[in-house]
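Colleague: Going down the list, the protein sequences come from chains W and E.
Count the first sequence with this note's numbering and you get residues 1 to 265, in order.
Count the second sequence with this note's numbering and you get residues 1 to 335, in order.
Be aware that a few hints might be false.
What the hints assert, rightly or not - One-sided and incomplete, this derived list gives chain E residues near chain W with beta-carbon spacing under 8 Å:
(1) Val26
(2) Ser29
(3) Phe31
(4) Leu46
(5) Val47
(6) Ile79
(7) Ala89
(8) Ser93
(9) Lys96
(10) Leu98
What the hints assert, rightly or not - In silico DSS-like links for lysine-lysine, alpha-carbon gap of 27 Å or less:
(11) Lys170/W - Lys257/W
(12) Lys137/W - Lys96/E
(13) Lys170/W - Lys8/E
(14) Lys99/W - Lys54/E
(15) Lys209/W - Lys8/E
(16) Lys170/W - Lys55/E
(17) Lys8/E - Lys254/W
(18) Lys209/W - Lys132/W
Said to hold, decoys possible - Label pairs and their calculated CB-CB ranges:
(19) Ile169/E - Ile60/W: 40 to 46 Å
(20) Val148/W - Leu123/E: 31 to 37 Å
(21) His167/W - Ala162/E: 42 to 48 Å
(22) Glu30/W - Asn229/E: 30 to 36 Å
(23) Phe206/W - Asn9/E: 57 to 63 Å
(24) Lys21/W - Gln232/E: 50 to 56 Å
(25) Lys183/E - Lys34/W: 25 to 31 Å
If you're looking for bench data, these hints aren't it; they were derived computationally from the structure.
Bear in mind that the values here come from a model prediction, so they are computed numbers and not experimental data.
Even glycine gets a Cβ: it sits at the ideal position worked out from N, Cα and C.
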Amino acid sequence: MKDTKEDSEFTFYSEVKSSRKMQKEKILDESFKKAERSKGIKAEDKKGITKKQPFLKLGIFFIIIAVIALVIINFLPWFFIRYDAEYGTIQEFYYKDFKNKDDSYYQSLENIFDSQCTNYTINSNNFIGISKDDFFKGPKISSNAFYVLILSGLIFTIISIIDYLRHYSKIIISIIHSLFATTGVVIGTFIILSNLKFLSVHFIIFFNKAFIETSGATNIRFIFFAPLFLIIISIAIVLISVITININLRELDKKRKSRITSLDK
Amino acid sequence: MERRDLVKNSQRLTFWIILLSIVGLVLISLFPWISISEMDEVKEDLVFNLEMMKKSDNQAINDIARQIEIINVSLWSLIILGLISLIGATIHSSGKYLIMGQVLLMVGCVMIISSIFTLHVHLSVYTNIEEHLIISSMDLFPHIKYSFILLITSIVIFICSAVYVVLIIFNLVDTIKNILKSKIETSHIPDQIEHNEPVTNIDDKDVELKEIFREKIKNKNVQKKESRNINQNMDNINKSKGKTKSPFKDEKTHENKVEEQIIKSKQDNKISEKSDIIPKEKHIDKIPSNLENPLKGIPLTVKCPRCRYVFPIEKTKKEIKIECPKCGKTGTLKT
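From just these sequences and the hints, can you work out the full model?
Modeller: What follows is the structure in structure tokens.
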């Protein structure tokens, strides 16, 4: 009986086995980590191999915003004017190419933009800074700038699609991203500056009120709808592009630092 | 100041230069520049903005407008150069294409010429306006002339670009020094890595990383050469096999084992070459020898309940009698 009791105490040494297994695993892990370090691969980078690259949407943003801007240029009134003439108060919306609903404009309105009074000593015949020509040239310049933006957006979207399928290096894509963002900054700034002359009219009207009233129109009020919206859109383009450049810079800097810290470990 | 800080500060300065240039361009076309006293039908001051000045019949006003146009162009050049420098900084911070990044950062140094030119033209516009008796600078606020505000903008741009140039020059000198240093120390780098010496400069680490990868590639090539030699040897063995047959069975089995091992190692090499992930088994330095059971049959490990001695046994039946080799305790093991 005693023997049988003692017999049952002989057991498989599972604990030792498991501890040995654990030891083996530990050795494996350590050596694996060592190998990784010597190769410069970090755990995060390894995830990146299997992880799908994010689809960059800057190109799509450019295209959408440019299409909206083109709609604004073509269908939104370029300015609204309200003034008191001899025959009553006139208020009208004018679209691009200086066209209103009836396709006609009053003489007094023409006098506001291109004054016929030349009996002053120094001043020109222009009192508010813009002429009728600006409503022909301005929309064309802005439209062309937005077409260029659409083109750059399309090119960038195609590059993004190719990258999504073929998984290019993150560094190259970040540099391309920054390049297109730079294009956005340049185009946005150009559109802002080409439409600013319309906004500056408000200041000129305030200062040159007495001279403008000699044209026969008093109490003039202007609202430049399309230029105002175009400037807002362009500011958005510039801001987003600058933020994109900044994000890319930080991301690349982080990536570079993480690569170096992986070497230190 | 560290090299990374130099590049980061230059980035910040570039942002400021771009921002100030855009502000300058906006201010130029938004607000009126000059005023002229009219004494004819209306006896008041007529105010001119840039667009009005361009369309004016007066020669003096036209000249000022042309000068302001030149300022416009130089501010645009500042924006474009600043953006080029930003791209350079982006490339530089990526750690790859360092030379290209450095070149683009150097191109940004042209900003100093552009800012000097802007400042010069601004000053001449300022003096031109002051020289004319009939033309006066526009006062946006009492005692603050508009052209003076713009002049301050171009002065700040000039200071920023000057600091930028200084930073880039320091950065360039540092880079040249590091390149020369790395060229001298290339032969000692492997020793440094073995001893785990702390690396102080981040860009030095980049150079070291490259060196390590170069060494790895070299090692790979050596491994490939070795595997080629093994293949050749194998071919020779196969040829000799065809001609002479060994009379001993053991030898044959030994050869087969060697063949199997070589085929296995070849397969492993192929897998490791294809993937970046290193197979775990390849990097075990030493597996403890006592893990392998030398006994034949089904190897088991048993622990003595008395002396806690662990010893290997060979299982042949369901119930086996065991005697502890250390203390001599006997018993049976049931499974």
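Colleague: Now tell me if each hint is right for this structure.
Modeller: Hints, one by one, checked against the model:
Annotation: Val26/E was flagged as interfacial toward chain W, and the flag holds, the nearest CB pair being 6 Å apart, inside 8 Å. With 8 Å as the threshold, the beta carbon of Ser29/E comes within range of chain W, its nearest partner Cβ sitting at about 5 Å, so the hint holds. Annotation: Phe31/E was flagged as interfacial toward chain W, and the flag holds, the nearest CB pair being 6 Å apart, inside 8 Å. The criterion of a C-beta within 8 Å of any C-beta in chain W is met by Leu46/E, whose closest approach is roughly 5 Å, and the hint holds.
Given hint, Val47/E at the interface with chain W, holds; its Cβ is 4 Å from that chain's nearest Cβ, closer than 8 Å. Nearest Cβ of chain W to the Cβ of Ile79/E: about 7 Å, under the 8 Å cut. The hint holds. Evaluation of the Ala89/E hint against chain W yields a held restraint, the C-beta minimum of about 6 Å falling below 8 Å. With its C-beta approaching chain W no nearer than about 5 Å, Ser93/E sits inside the 8 Å limit, and its interface hint holds.
Contact between Lys96/E and chain W, as hinted, is supported at the beta carbon level, the nearest pair being about 5 Å apart and thus within 8 Å. Nearest Cβ of chain W to the Cβ of Leu98/E: about 11 Å, over the 8 Å cut. The hint is violated. Distance check on the hinted pair: Lys170/W and Lys257/W sit about 15 Å apart at the alpha-carbon level, within 27 Å; holds. A threshold of 27 Å between alpha carbons decides the hint, and for Lys137/W with Lys96/E the separation of about 45 Å lies outside it, so the pair is violated.
Pair hint Lys170/W plus Lys8/E holds up; C-alpha atoms about 21 Å apart against a cutoff of 27 Å. For the hint pairing Lys99/W with Lys54/E, the CA-to-CA distance comes to about 25 Å; that is within 27 Å, so the pair holds. Only pairs whose Cα atoms come within 27 Å are accepted, and Lys209/W paired with Lys8/E is rejected, the gap being roughly 50 Å. Simply put, Lys170/W and Lys55/E have alpha-carbon atoms about 51 Å apart, too far for the 27 Å limit, and the pair is violated.
Our distance criterion of 27 Å between C-alpha atoms is met by Lys8/E and Lys254/W, whose separation comes to about 13 Å. With a C-alpha separation of about 19 Å, the suggested pairing of Lys209/W with Lys132/W holds against the 27 Å cut-off. The hinted window of 40 to 46 Å between Ile169/E and Ile60/W holds, with their beta carbons roughly 41 Å apart. Distance hint check for Val148/W and Leu123/E: the Cβ-Cβ separation is about 35 Å, which falls inside the suggested range of 31 to 37 Å.
Distance hint check for His167/W and Ala162/E: the Cβ-Cβ separation is about 43 Å, which falls inside the suggested range of 42 to 48 Å. Between Glu30/W and Asn229/E the beta carbon distance is about 32 Å. The supplied range of 30 to 36 Å therefore holds. Here the CB-CB span from Phe206/W to Asn9/E is close to 42 Å, at odds with the stated 57 to 63 Å. Hint check: Lys21/W to Gln232/E, Cβ distance near 40 Å, so the stated range 50 to 56 Å is violated.
Taking 25 to 31 Å as the suggested C-beta distance range, the pair Lys183/E and Lys34/W conforms, at roughly 29 Å.
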